[in-house]
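Novice: Generate coordinates for the entire structure from the input sequences, incorporating the hints supplied.
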Amino acid sequence: MNALRWWWGILLTFALLGIARVFLPLPFMNEVVIFSIYAMGCNFLIGRVGYISFGQPAYLAFGAYACAFYLFYFGTNPYVGILVGVLGGLIVSLLIGPLFVRLRSDYFAMVNLALAVIVFYLTQKVLVGITHGDNGLWFLTRISSTPLLDLTIPSHFFIFSLLLAALVWAFYKYLDDSIYGACCLATKINENKLQFLGYHNFSIRLLAFVIANSTTALAGAMYAVYLGFVSPEMASPSRAADPVIVTILGGVGTLFGPIVGAIAYTGMKDVISKLIGNWELFIGFLLVFIMLVADKGIWGSLAPVLEKWLFRRKSPDSRGHD
Amino acid sequence: MSREILSVKGLNAAYGEAKVLFDIDMSVNTGQIVACVGRNGAGKTTLLKSIAGFLKPTSGSVTADNTLLSGMKSYDVAKFGVKYIPQDKKVFFDLTVRENLELGSYATKDYNWDQVIAYFPKLRLLMERKAGHLSGGERQMLMIGRAILGRPKVLLIDEPTEGLAPGIVAQLKSTFREISLKTSLLIVEQNLPLVCAIADKVYAVKDGRIVAELGDKESISVAACERYL
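Those protein sequence lines, which keep their order, are chains G and A. Take the first sequence: its position 76, counted from the start at 1, is 76 in our numbering, and no numbers get skipped. For our numbering, count along the second sequence from 1 and bump the result up by 1000.
Treat the hints as calculated values from the structure; they're not laboratory data. Check before you lean on any hint, since a few could be wrong.
Non-contacting residues of chain A with respect to chain G, defined by C-beta distances greater than 12 Å in every case (computed) [unchecked claim]:
1. T1058
2. N1066
3. L1068
4. T1175
In silico PhoX-like pairs for lysine-lysine, Cα to Cα no more than 20 Å straight-line [stated by the list, open to error]:
5. K308(G) x K1130(A)
6. K1130(A) x K173(G)
7. K296(G) x K1130(A)
Chain G is faced by these chain A residues, among others (derived, beta-carbon under 7 Å) [to be verified]:
8. K1090
9. E1099
10. E1102
11. A1107
12. Y1111
By construction, the Cβ of each residue, glycine as well, lies at the ideal position given by its N, Cα and C atoms.
Specialist: This is how it looks when you write it as structure tokens:
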């Protein structure tokens, strides 16, 4: 029954996203779907492992540039490009993960921010020969058409990204339900206690780091294919808080949080930026307000109300003590 | 036939410059319940942490089943079968009872929960409840139940009855006896009547040293233990 409820929920969510495409502009919908994938990795890190990372743009850029290098210098198939992007993020995460996951949350946040700064300057100044610096790499016309879902067509890209987002969501749902998901949560709650049971916290955190950042790299690669262009701006430290904001806005540690957060954040950005010049200021105030009145985020606050309304029964936990 | 399962020889431990344990010698045999008694600050918890690998001894050795544990990481000590149940009863409060037990099962590859339910039948009714919503006694049951998965060689239990209702303490008393048939227990406890009821051997710890060893049932009494507190 519980599984049915979850799958029903995600099917409905993605069906709604598909229907929303009829009423909302395609670029907006593509942005929402890719951003929700971006936020899923961040959500897993914060919600399950307790790691806040302000360096997610760096992993986004690793995925985007790996994909872009392939499409600019070597090949034309966008699916291969996306795969190369994910592999790029995976390899980088495996290389730097063992150094970073030794740190606790505050230092982890800062060292990742430092990484974003490094990647930004590497792509902007140091590796200009291959990244073309601020001019970026343009390869939209190099991307070849593919059968079935042609990613050069935005509407096809939307279907592809929607399917991919559903798959990524299902993967995180599986992780959350697995014993590994419980291990991640346990290491967040009390790492010492987990060691008492014979678990190696380092391995648990490293795997989580690699999974989350590979997801972020996937989002990066999708941005690269969708836009047909990458620039150092992607790794800009000024955008470091974006995935964290989306995660918090949606509801930390909730499965629907990244999707809801991405819709809310992209929507606010889209609507408010058309009305007000300094839209970031308004969003800043809005976030402060949300933190004060609903610290569980939009989905975290709405979910219990919706569940009660839809299923008309209390969960076993809400009964309190016998 | 009882044999030595845990042996501590010449153990010294310190927190930075502050030396806490001095030349500790002790042993636990199979099927035994061994208790450590002493005042607060005597070094009992430090002793358990040193055995469990959470505190690196400055010198001395800890051996379990002829394997040297000193120098092993805490998770390797637990994997080897020497498990520590800390005093604070902090289970993984965001996880359900079932998930807490699954963590124990996954680490040990022992998915037979019948033994756990046999010792603590109440846990069966609480499977889907978040561990953070359990009472102190239920949490203690969960921690012990989770720890006995995989049939560890030795359980190191820190103050198991602290803050528990007398009814729960009485239940734990008989449960410890049953568990000790398969797993030896080294318990740090201030509840002297409980210690005297279940312990096969008692070590009195004072100022980081073992000041007495009551090695047989006849010599273990509340009065005898109190002499060293």
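Novice: Evaluate each hint against the coordinates.
Specialist: Consistency of the hints with the structure:
| no. | hint | in the structure |
| --- | --- | --- |
| 1 | T1058 | 21 Å, holds |
| 2 | N1066 | 20 Å, holds |
| 3 | L1068 | 18 Å, holds |
| 4 | T1175 | 19 Å, holds |
| 5 | K308(G) x K1130(A) | 19 Å, holds |
| 6 | K1130(A) x K173(G) | 19 Å, holds |
| 7 | K296(G) x K1130(A) | 18 Å, holds |
| 8 | K1090 | 6 Å, holds |
| 9 | E1099 | 5 Å, holds |
| 10 | E1102 | 5 Å, holds |
| 11 | A1107 | 4 Å, holds |
| 12 | Y1111 | 11 Å, violated |
Hint compliance for this structure: hint 12 alone is broken.
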